[in-house]
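Start from chain A and add chain B according to the hints.
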Amino acid sequence: EAQVTQNPRYLITVTGKKLTVTCSQNMNHEYMSWYRQDPGLGLRQIYYSMNVEVTDKGDVPEGYKVSRKEKRNFPLILESPSPNQTSLYFCASSWRGRGNTEAFFGQGTRLTVV
Amino acid sequence: KNEVEQSPQNLTAQEGEFITINCSYSVGISALHWLQQHPGGGIVSLFMLSSGKKKHGRLIATINIQEKHSSLHITASHPRDSAVYICAVSYHRNTGNQFYFGTGTSLTVIP
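Residue numbers (my numbering), protein chains in the order written: chain A, 1 to 114; chain B, 1 to 111.
For reference, chain B alone in the conformation it holds in the complex:
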């Protein structure tokens, strides 16, 4: 079983600040995922990474496979970025994809 640790648990930022959320895991993985859960409860997949770096708009995700560590960065944060961000790791099995999740980082961006 993989242990997935996220930090910080809670984060408050002023609008415009650069934000970093960290994720570390204990066992080698097939892929790492960053998810966003809105206050209403819906979950959206932001990134899936197996190596390197991905960028989508103001969001950037990086992964270091050797260090077993990933970061999610938000540039020029905005109040609409307020949500819970969840790191997950997955393993490709013969029967499907097995997932383990961090407990999430609750982000509040203040105008």
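Just chain A, with the same shape it has in the complex:
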């Protein structure tokens, strides 16, 4: 089954404790992205990637890192989480067709930083 898998689905952590949210897709997609969703602000893009070792900042990259060492994986790293990073996070991937193509989203990760 074609899917984007995020782990964990739920996470409660403390301020300053490094964490990684994993994202993996099995569709051989070139494009991958991370988003956060907050009430009243909607979805905002954190980082995006066109392929292995090619990443770029989205709208709200501060406090986050990403890596793309393999095509299928695109982990989101919070080196020193803070309470303002409490949010619902989504990973998405899409195929590099002509122009833009349909995005497939993971199930979401609800992160709480206390």
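By construction, these hints were calculated from the structure, which means they are not laboratory data.
Just so we're clear, the structure is a prediction, and the values are computed from it rather than from any experiment.
Idealized CB from N, CA, C, for every residue including glycine.
There may be inaccurate statements among the hints.
Unchecked claim - Covered stretches of chain B, as calculated for chain A (at least 3 residues, CB under 8 Å):
(1) 36-44
(2) 81-95
As the list claims (entries may be wrong) - Short derived list, chain B residues pointing at chain A, Cβ under 8 Å:
(3) Gln-98
(4) Gly-102
(5) Thr-103
This is chain B only, laid out in the frame that chain A set:
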């Protein structure tokens, strides 16, 4: 940065009604996307448009590039259509696709 405005923010309809959700954006785009977010939180891509009109079942999406405006129509609405509908615009960059999103339209269809 593109401003993406959606209207209405909230919409309640009776089953069977024709529904329209509007989206406007401020800067030229590579594509426009309509997404559906279910009450459980999962997000599904409904349409990706760069011009014209697309139809899938009871859903129709249109875009007017000159007016910088798109509409999502639902014909013969059903309670299972109750969800948040999100408009997004994307730009194709050398490093990937950059996205900006509207804040969503919460639709409730009453039986």
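Run the structure past the numbered hints and jot down the numbers of the failing ones, going up. none
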